[in-house]
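A.B. asks: Each chain, written out:
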Amino acid sequence: MSEKTDVTLTINGKDYAIAVEPRRTLADAIREDCGQTGTHIGCEHGVCGACTVIVDDAPVRSCLMFAVQAEGKAIRTVEGLADGDKLHPMQQAFMDNHGLQCGFCTPGFLMLAVGVLEREPNISDEALIDVLSSNLCRCTGYQNIIKSVRAAAQEMRK
Amino acid sequence: MSSKQKFIGRSVPRLEDRTLLTGQGRFAADVNFPGQWAMRVVRSPIAHGRLRGIDASAALTMDGVHAVWTFADVAHIPPIPFRLTGLKALEPYQQRVMASDFVRYVGEPVAVVFADNAYIAEDAAETIELDIEPLEPVMKATDAPGPFDATKNTEPDVLHKGYGDVDAAFKAADSIVTLELSVGRHSGVPLETRGAIGYYNEALGRLEMHGAAKVPHWNRDTMGRMLGRTRDDFQLFEGHVGGGFGIRGEIYPEDLIVCAAALHFRKPIKWIEDRREHLITANHSRQQTHRIRAAIDAQGRILAIDDEFFHDNGAYMRTHAATVPDLAAAMLPGPYRVPAYRATAHIRLTNKTPCGTYRAPGRYESTFVRERLLDAIAANVGVDKVEIRKRNLLPKNAMPYALGLETLGTHIVYDSGDYGLLLDKALERAGWPKLQKEIAKRRANGEKVGAGVAMFVEKSGLGPFDDVRVEVKNDGNIELVTGAASVGQGVETAMAQICAETLGVDYTTVNVIHGQTDRIGRGLGAFASRVTVMTGEATKRASTKLRAHILNLAAELMQAEPTQLDIVDGEIVRTGGAPGPSMKLIDLAKAKPGELIAEDTFESTHMVYPYGVHVAAVRVDAETGGVAIEKYVMAYDVGKAVNPMLVEGQIAGGLAQGIGGALFEEFLYDEGGEPLSVTFADYLMPTAHEVPESSILITEDAPSPLNSLGLKGAGEGGTNPVGAVIASAIDDALQRPGAILSLPVTPQRLRAICKKT
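Chains as they are written, first to last, in this note's numbering: chain Y, 2 to 159; chain B, -16 to 740.
Be aware that one or more of the hints could be misleading.
Which chain Y residues face chain B? A few, computed with CB under 7 Å, are given here [stated by the list, open to error]: (1) Cys49; (2) Pro108; (3) Gln144.
Cut-off 20 Å, straight-line C-alpha distance, at most; resulting in silico cross-link-like pairs (SDA-like, lysine to any residue) [said to hold, decoys possible]: (4) B/Lys368 - B/Lys614; (5) B/Lys614 - Y/Glu127; (6) B/Lys(-13) - B/Leu404; (7) B/Lys250 - B/Arg189; (8) B/Lys368 - B/Leu404; (9) Y/Lys5 - B/Met45; (10) Y/Lys148 - B/Glu613; (11) B/Lys738 - B/Arg602; (12) Y/Lys87 - B/Gln7; (13) Y/Lys87 - Y/Met157; (14) B/Lys135 - B/Thr125; (15) B/Lys614 - Y/Asp126; (16) Y/Lys148 - B/Val(-5); (17) B/Lys144 - B/His589; (18) Y/Lys148 - B/Glu673; (19) B/Lys250 - Y/Glu33; (20) Y/Lys5 - B/Ala101; (21) Y/Lys148 - B/Lys614.
No wet-lab data here; the hints were simulated from the structure.
Glycine residues also receive a C-beta, built at the ideal position from the N, C-alpha and C atoms.
Kindly generate the complete structure, drawing on both the sequences and the hints.
C.D. replies: Right, dumping it as structure tokens:
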């Protein structure tokens, strides 16, 4: 399993030329080979969603994708959300609505919510809760996360 | 002159957030050192057995594998000692960092592999062959104790607590109510798994552990002793912590192994737990069975309570020793007048994951038991659940109330409280009479709907001390150093608010340093909802001292009396319209470098006691066994809320965990001790679907007399009575008092109960 393959990952518009084993997960490659540790690993089996990133405009669990599968695709992580010092409306909404406590699940929730709202800006409340129920949070009790995403949705529609 | 800013009591945004929202947080797995090795733990696949041999020869031939350690390599490390509630009788049951001759739970460390990276370490670990002779496991704490080793059985000790003449009360009783109740095995399960990075800093001759949490100073002192390091040559560093809930940051075997290995190999050693490991090795909690009896008079007033319970502590006594059964026994009486009381707590070991504390330890369990008992008493005398509670509540004029019991080394003295008032407020917030009418109407239409109410007393602010040092740095910002820790609850913001208001600066200029053992000599960390109370009061004292010191220094330069000066928004101003220029704090700091500093301590020998009421309304689906929570109200008196938004956040988050324990979460084992809850697909935690919107009422009717701000901690009140209130509401929905006798009420169990009409 030790032969490595050369791949180039494009994360937040920047290219990272790395050599990885075929079995290496995208999550590990983003964090360890590309140094972007904002993407977190919570369960490594696709349930908690802490590792959610946006790949070609769709939120994906980066622990369930191999790094080699992401070659040539546009990967977005939490590090790419803010515009310089200006937070993305989703980040701002999480701050304004106390949508985080320990902050470990937060990058995953941000990328999940941004990815979904970019594709479906007028998503219904019911569908939104359905989407958000795919990630786990152990601190907030979710209601402030739902509130945050609703607030950001309004802002993003402007 | 601008008016002085008030920060205490305001829901200001958190100082922690920007870093976490932009992916700049530094959690344990984000810590890396050049040349580090990864550590992988080989764990017992057998619940109980004799360890006869370990063959690591294949692993040692693999490229990138540096070493394999077994017990012989760590035999110099003593068993992990107790932090709280240690009892002599429990000491022989402490856990070694690796198994020597017996394995006692699936997941117990038997060897570790050191390799270039985690992938290689994991590959190598899989090649290690274990020769284990299986032995019969003990799986039930209520069964007769089995053998622990050749000389000891699996009941390390029995705790006795009580007061009054229980037997006389039972003889005099009009009636006796008896129940057997049990709470399942669940735990904190933070989203970040554990992690520890050992690093030997050659330049300083200093051993470091990164990834510390909760109690870094205690762990530094204890692990230092165990590894033969002094306070100066061993330091712990806390980064961001992805949820604590009681279980993160206790000393676990892996923490010691990485430190010992870093010291031995002089290489940075990194261990990051995977989720399966977490679910079978990090502290579990809760699992208890209670056999409880109440002696009551004809009106349902309690004359005595007699409770015998069995605490399933898993395979070893870890750092919390007897904390959970002790708290369960000591806090069971709750907000009610119980004239005579007896608790007998059997601490029992089983061949399951060892246990520790989890948010509202001992209280989630004993509140469930007590409130089920109150509901049963109500049914026995034929009054409603609110009335029975009112008949038994301690009145306001009983405060302060000495319960006559001790726990965590202190006498329990309820410091202040108006339990009846809070009950009224909670029922009003829930619209109780209207709710009852709606329920009656819907029930007539065939719906299974019902409501429950539960009351509880929490404890917080455990001493004995906390230190805080505050300094105005040369850039004008304030640095506050404390031995407290953060588990994501907003410590930095709350401390900054208290400091800023006391001092007279903006809270965003206060930089709170915590969890760094090299920055302050001692500290007690974050547990038992203690930080806001203990560190908060210490912060106030240190800030008050610094303020007086600043005004004295400024008085000389400004040729004024200190009493004529004030600090407003970081500027030293003259009060009462006195003429003359003002002076910026930053200019004073530059004029007196290193002098604008003060340190103070808060000591306390008693805990403080917040209290609360939860009200829930549920709908039961008898076909699926599902429970929909339609209404949830939480009233909690915290004495004084430093930041109401953070307090509400703690309570709402606590509710989600309480719901998990009430309806979904459970660590299950098969008869042979094989754990069945090893992924998030079989250990079910609530999602955005299952946690309802709740109504939170924070009150400040009974400030604590034990600290100057009246603070009581808020971390556990959202969790404490959730199992109790959900059970009460389900009973009501089924119109079957006493239907729910155990938690969690999973759909399978509820369907079975519904079918058993």
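A.B. asks: All the hints need checking, so say for each whether the structure fits it.
C.D. replies: Each hint, compared with the structure:
no.	hint	in the structure
1	Cys49	6 Å, holds
2	Pro108	5 Å, holds
3	Gln144	5 Å, holds
4	B/Lys368 - B/Lys614	18 Å, holds
5	B/Lys614 - Y/Glu127	18 Å, holds
6	B/Lys(-13) - B/Leu404	34 Å, violated
7	B/Lys250 - B/Arg189	13 Å, holds
8	B/Lys368 - B/Leu404	16 Å, holds
9	Y/Lys5 - B/Met45	17 Å, holds
10	Y/Lys148 - B/Glu613	18 Å, holds
11	B/Lys738 - B/Arg602	16 Å, holds
12	Y/Lys87 - B/Gln7	15 Å, holds
13	Y/Lys87 - Y/Met157	14 Å, holds
14	B/Lys135 - B/Thr125	17 Å, holds
15	B/Lys614 - Y/Asp126	19 Å, holds
16	Y/Lys148 - B/Val(-5)	17 Å, holds
17	B/Lys144 - B/His589	19 Å, holds
18	Y/Lys148 - B/Glu673	16 Å, holds
19	B/Lys250 - Y/Glu33	19 Å, holds
20	Y/Lys5 - B/Ala101	16 Å, holds
21	Y/Lys148 - B/Lys614	18 Å, holds
Hint compliance for this structure: hint 6 alone is broken.
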